[in-house]
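For the record, the sequence lines run as chains A and B. Be aware that the first sequence starts at -5, since it is given in this note's numbering, and climbs by one per residue. Be aware that the second sequence starts at 445, since it is given in this note's numbering, and climbs by one per residue.
Be aware that one or more of the hints could be misleading.
To be verified - Here are a few chain B residues that sit away from chain A, every Cβ distance over 10 Å (derived from the structure):
id	residue
1	Met448
2	Asn483
3	Arg645
4	Val713
What the hints assert, rightly or not - Per the computed footprint, the stretches of chain B lying under chain A, defined by three or more beta-carbons under 8 Å from a beta-carbon of chain A, are:
id	segment
5	490 to 497
6	573 to 585
7	662 to 674
8	684 to 690
What the hints contain is simulated information worked out from the structure, not anything from laboratory work. As the structure is a computational prediction, the values presented were derived from the model and not from experiment. The beta-carbon is built from N, C-alpha and C at its ideal position, and this holds for glycine as well.
Here is how the chains run, residue by residue.
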Amino acid sequence: MMVFLLAAGCSLSDSESDLTVAGSTSVQPFADKWAEVYMEHHRGTSINIQGGGSSAGIQAVRSGAATIGMSSRPLKADEQDLKTIVVARDGLAVIVHPSNPLQGLALSDVKRIFAGDIPNWRALGYADREMTVVTREEGSGTRGAFQELVMGPTRIYRRAIVQDSNGTVREIVAHDPYAIGYISLGLVNKQVKALELDGIYPGEEAIEDGLYPLVRPFLFITDGPVDGLARHFIDFVLSPEGQALIVSEGLIPAKARGS
Amino acid sequence: MIRMALLVTALSAVTILAVITLFIFVEGTPIMFKYGLKNFLGGMDWYPGERSFGLLPMILGSLYVTGGALVLGVPFGLACAVFLTEFSSRGLRQIIKPVIELLAGIPSVVYGFMGVVILVPFIRETFGGPGLSVLAASIILGIMILPTVISISIDALSAVPPSYREGSIALGATRWQTVKMVLLPAARSGIIASVILGMGRAIGETMAVIMIAGNAVAVPRSALDPVRTLTSNIALEMGYASGEHRQALFATGVILFVIIMILNTLANVTSRRKTK
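Please put together the full structure from these sequences, using the hints given.
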């Protein structure tokens, strides 16, 4: 009995069975899924997934608080010493209330809306109501990707409502008939309507063929090469089984056609 | 021995306050001097990615929302306190006062959630706009400061010596005249203290405000426009901030700190002068 307890104690304190993954809240739900299935396969390992945001994840890797960081934005110039692995790709969907008659928008109109140049829906053939433009907060990976892919150097409208997660953006759009926002494609559900952009609906086909314009990488970040559990976990994530898990959750595999 | 232990304990609170103050100022002031205090206090643009750190919309936002909360919360709270001390039966007061104090124990996220689910759609459908607004935040904060205002005002009113009441009634004043001319002036400093504490709660509240204020970084043009407060600015962007962005959030903390100091000092000075 004593020996058994000692052995159990040893294996618990063994750092090889513990892994901390921290960062982007956009990647987090998918990392949770991976970790859950991985831990089912490998009893006795413990993978701890934490949120906090892309930049926090990168900092956590730097400080050693996490072995793997999650980021939904590319590394900045002063972060290039870290190693990145594309673990999935995500589409950004521009969403409106389901009662909104609009089916699609030109990407240039999306840009004008989020720059605050089209304040009223009437200009787009909908009700004479002010638009509720919903965006993410400064520093968010989703906002960064939207800024880069849609806005370019143009600033996002300062009167836009700011929410700090995909979920709350969706919540607002789902309940405000005059709202427009953008969220991770994997989180679009029946409560909101994803718009066609330049005539292309963000469906699986269009994204895999590289036609849909708003696609960003989901990254794992490490401080140099890793081994042991971290390596094993990354291998699992990139394996056909790991990739199948996230495709069923609405993401796009890391290596898709057209990329 | 016990005296020493008590002294150490007492001083530790002061030390913690000093450490926090020092830390916020050390982290936050360098960037304010680097880009100029004027840009921080007077700038309208908050685009930390482009090194624009204008905090004016947030400073005004905090003041608007706090002011709104006081305008809505203080008259209600005071009326409630006067009713409970002067016009209600003892039994009723013994039921109502603990219930009001229970309101203070409800976590702010619950207030925020109620705001999002009930108040925001109501404002959007009745008055227009996005619903997430100065008005919504003021109403929720107004409710949140009620327990503070009510229970401290009750204590202040109850502390007025019974002889004041009796004297006033004996001179032929009505009950209402007694309240207005005798009790409220006599309890003034306590009532002002309740307002100060309520204001402190309103300006420092973060979670509920993030959920219902809309957080747009612009000076609101009406009560129906979204607004961002200094506290929500820090909480919203903390997770992602690094480098100068992070320092700018500490600078936000510095300004919040200074505003609270100014408001508290002002309120303290006025309440002291009036009681003399």
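Unmet hints by their number, sorted upward, for this structure: Violated hints: none at all, because every hint is consistent with the structure.
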